[in-house]
Structures are given as C-alpha cells and as structure tokens.
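For chain A, the structure is supplied; the task is to place chain F on it using the hints.
Residue numbers (the working numbering), protein chains in the order written: chain A, 748 to 1024; chain F, 748 to 1024.
Be aware that a few hints might be false.
Said to hold, decoys possible - According to the in silico footprint, chain F covers these stretches of chain A (three or more CB under 8 Å from chain F):
| hint | region |
| --- | --- |
| 1 | 777-789 |
| 2 | 834-845 |
| 3 | 869-875 |
Hints listed in this document are in silico derivations from the structure and should not be mistaken for laboratory results.
Bear in mind the structure is a predicted one, so any value in this text is a computation, not a measurement.
Even glycine gets a Cβ: it sits at the ideal position worked out from N, Cα and C.
Number of protein chains: 2
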Amino acid sequence: MNRQELTEQIFLKGSYLCVGLDTDPQKLPPHLQSDPDAVYNFNRAIIDATKDHCVAYKINTAFYEAMGAAGWEIMQRTAEYIPATHFKIADAKRGDIGNTSSQYARAFFETMNFDAITVAPYMGEDSIRPFLEYENKWTILLGLTSNAGAKDFELQNISDGRENKKLYETVMEKSASWGTTENLMFVIGATRADQFQQVRTISPNHFFLVPGIGAQGGSLSDISSAALIEDCGILVNASRAVIYASSGADFAEMAGSMVSGYQKEMKIFLSLKKPSS
Amino acid sequence: MNRQELTEQIFLKGSYLCVGLDTDPQKLPPHLQSDPDAVYNFNRAIIDATKDHCVAYKINTAFYEAMGAAGWEIMQRTAEYIPATHFKIADAKRGDIGNTSSQYARAFFETMNFDAITVAPYMGEDSIRPFLEYENKWTILLGLTSNAGAKDFELQNISDGRENKKLYETVMEKSASWGTTENLMFVIGATRADQFQQVRTISPNHFFLVPGIGAQGGSLSDISSAALIEDCGILVNASRAVIYASSGADFAEMAGSMVSGYQKEMKIFLSLKKPSS
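If we strip away everything but chain A, and leave its shape as in the complex, we get (with noise of 0.2 Å):
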C-alpha cells in the first residue's frame, strides 16, 4: 500500500487509528478459552468489530512467537484475514546484517504479505536497507519510544565535535537519507507529547507511527494537534485498550465501541487538517 492509498483511506473512513493485535492467549474472554482455535477466533472478532472505524492493523509478532510455531501459523492466518483495505503492519522490531535483515524482509514481505514491518536502527545502514529495497512496502524504525528506558540511550546526547543532538534525532536525520517518504516511518512514543513539535521539525513530511495511547498512557489530542501534517502523517496505535476493552463476551462488541470512539475524535482533529479541494 502506497502513501496515496494509505490517506485516501484515512480520509475515506475519518480516522488514522491502528488496532494492536497483541493477543495473549492467558487474557481471552472465559467463553473463549475451551476453541481450540481461541486466538485467532478471538483476532477475527475484534478485526469484524473495528474495521470500519481504523486504518491499520499491527500485530505484535512477540505474543505469536511465545506460542511456538503454532502461533506463527496463527499470525499468517491473522494477516491473511486483515481486509486488503487496511495497512497491514508487523510490530517485530528486527535488525541485523544485511545478508540477515534480508531473510527478515522476506519473512514479512513475501511469505506474509504485511505492508510495514518495524525496525530498529542500532546496526545502521546496511542492517535498514533490505526492507527499504522492496516496492510500496514500509520500513518503520524506531525513534523515540514511550518506555522509561528511552532516556537509557535514545535521549543521550550525540556530538559530532559541532553540536550536540539526541541519538534519537540523529537516527531519524541520518535515516532519512536512506529511504523516502513513501518507504520510511518512524515510531515516535505517546507518552512524550511535548517533544512532538519537536520530532515534527526534523521530519516534516514522515508518517509516524504512534505506539501509547490507552494502556501506554498518551493523549489522543496532544498527539494529533502536535503531529497532524496536511495528509495525516500519523497513525496512532491502540492495543490492549481495545482488544481488553471487556473481558466477558461482549469483547468485539466493547472493542468496536472503544474505536469508534477514537475515530469520531479523529476526524474532528482530521478535519482541521483537510486539504481544501
């Protein structure tokens, strides 16, 4: 999906939000816990719940993988179920060696077909490029993120002998020569709202991804005022705040209610941003 397709359908549906699909099998609603197919029921119900009201999907490949091979064929077929309308995005954070990154690219572009993957940025160039050689495909790198140990490293200052930066705005400048716009993302954390205005001056025109809000603690409001670009430019994520919006049977239900919640704040925020044609 290319950056065009990608807000035409924000625009279409009024809300640039993303449903994190971290599902935890110990978390399932009772009712659920005895099908044998309990994830990947529970993974369809809460996608036919809030399709309508969201952009993207983002499955955490983390929760699949404590599964065991199991859980990746549950991830494939989760994929496969997301409506070829909505960005389908792996959250797996990978990075190697190039001959590596490779293998990982393929893993998420060819033998699943996910329109983005996440990627994190200590290995550098050749460890970001593989991902970035396939067409209308999205490499994600991490920039700043909404965790406590955000201000171990990325938060650090960085001196080239002339100034001095923070890693975080270092990896996003240097990365932004190593893709485009229409390729490369950055996850920028909700949690940090005050430094958005700034992270929107070292990438105007970047779409971000945004982890945090709900269960991570951002403000929907703060978010969007401060990163709303022209054509969006953001998605915002959302996980357990809605895939844990109930823990009975109305699940889905409560999930779809929870989204469409964001999405009505989404396209009064998206409205003031609109271009006029």
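Below, chain F without anything else, positioned relative to chain A:
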C-alpha cells in the same frame, strides 16, 4: 547453562567455537533438494558432524522465519536436537517495551529451551530486563557489530557534558549494571580486532559472542589474543564458512573438517590462558 558449566565444556573440548545455523533452503546441496524435510536433515547432519569440536550452536531466526510457520517448526526441532552439553543461542536481535520483551523471553526461554538470546539495546533497560530475570539463561546484548553500519550509530560519540564515549561503550557500561557476568554477554564484531583491547578494558569479565570469522572476515588469532581471559570469556561464531564449506554431498564431512581446524587453533590459544589448576 551457567558460566561454570559453559567454561567446563570449553576446556573439556578445547574449543570456544559456536556454529551458526543460518540455513538457507536455496543453498542446500542438490541431493537434499527433493527431501521434504531438507532443512532439518541438513541441520542434523551439521550438528552430528561438528558437535565434538564446538561448544555452542546459534540459530539465526531470520532464516527460519523466511519459511513462515513451517520454518519455526524446523527451528524448534533443530533446537531440540542440539545436545544438552551445548550452549544454545537464539540469534534473534529482539527488544521491545517490557510487556512485549517478556513475551519474547517466554518464546525463547520457555516455549523453546534456548540458553541465550541476542537482544538489541536501543530501547534501554526495561526492554532488556525481562530477559535477565530468567535463572541460568543469558542475554547477549549488541555491543559493537561487525557490519559497515556500525559507524552510523554504534561508533558515534555520546557526550554526557564531561567526556565523550562511543555509543557502544555507553551501552556496555550502562547495561553491565542491569545484569551480571553470569547472565549478560555482549556481541562484539570480529572485523574490528583492533578494538578488542578497548572492549576488554570496558568489560574485563563478560563473555563476548564474536560473530564474523569466515564469511565476515575476522581473524581467529587476532580475536583470541585480544579477548581471551582466564576462563575463556569468548564464543567465536562461524556460520557460512562451516555450513557451506562444501556445496556437495560431502557438506557435513567438510563442515566437520572446518570446525576441527578451528578447534585445533583454539586449543592452542586456550592452553596459554588455562587457569593453573
């Protein structure tokens, strides 16, 4: 496997060699191409032919993920086939917010019984800690890697206002307090033997996982003279140089010869360091 058990195996075998199972289905010998279980049977033959001369195996998850769920199943069976006497590393380069890293730790330490996993440091302490919480399991954190991209971030100067350090030095120093020399190792790239002295100054007692002899170009002699400590303190990995030593029916035999050659060298280097007990 704890440090003492690992060290005992090293001195018993006179080897600190790790064999990397980066098995690419497209590079299998022609006579295996028609085998429906070719990758697993290739791995098994490699393990049988090399186990007397190495102390560890490293499974590169990317190559298995490229095969989808079927690849994960081959990875699991390969991990089970590795003898209990050998240190089992998942070369996975994972790392995410704590809640997610806990799931990765579960995947590799519980669902599969790996002794160690490689982890990327970018997201800081809370992304690493879930791995360190497992008893007798090891977290192998990326320090300085052997690829060209190391210059992009790892080798950049971090400034704390008083002094400049490279990012990888900051990673090693800071993370040393999160774990111990009994549960934390570092990946240190072998094409930079000139920097091993400096790295040993930062971490005099940690084990290093050293990728890059063979295909990535490091010298075993340089690495060993700079990084060996009294209880060894290094695992040196060879992947492609071993598993693709021959592209014919004699692939396992040739892999065995390669590792036997490495082991003979290693035995000499070790004898110079062996504690006088």
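Each hint, compared with the structure:
1. 777-789: Violated - the region 777-789 of chain A has 0 residues with a Cβ nearer than 8 Å to chain F, which falls short of three.
2. 834-845: Satisfied; 7 residues make the cut.
3. 869-875: Check passed, 7 qualifying residues.
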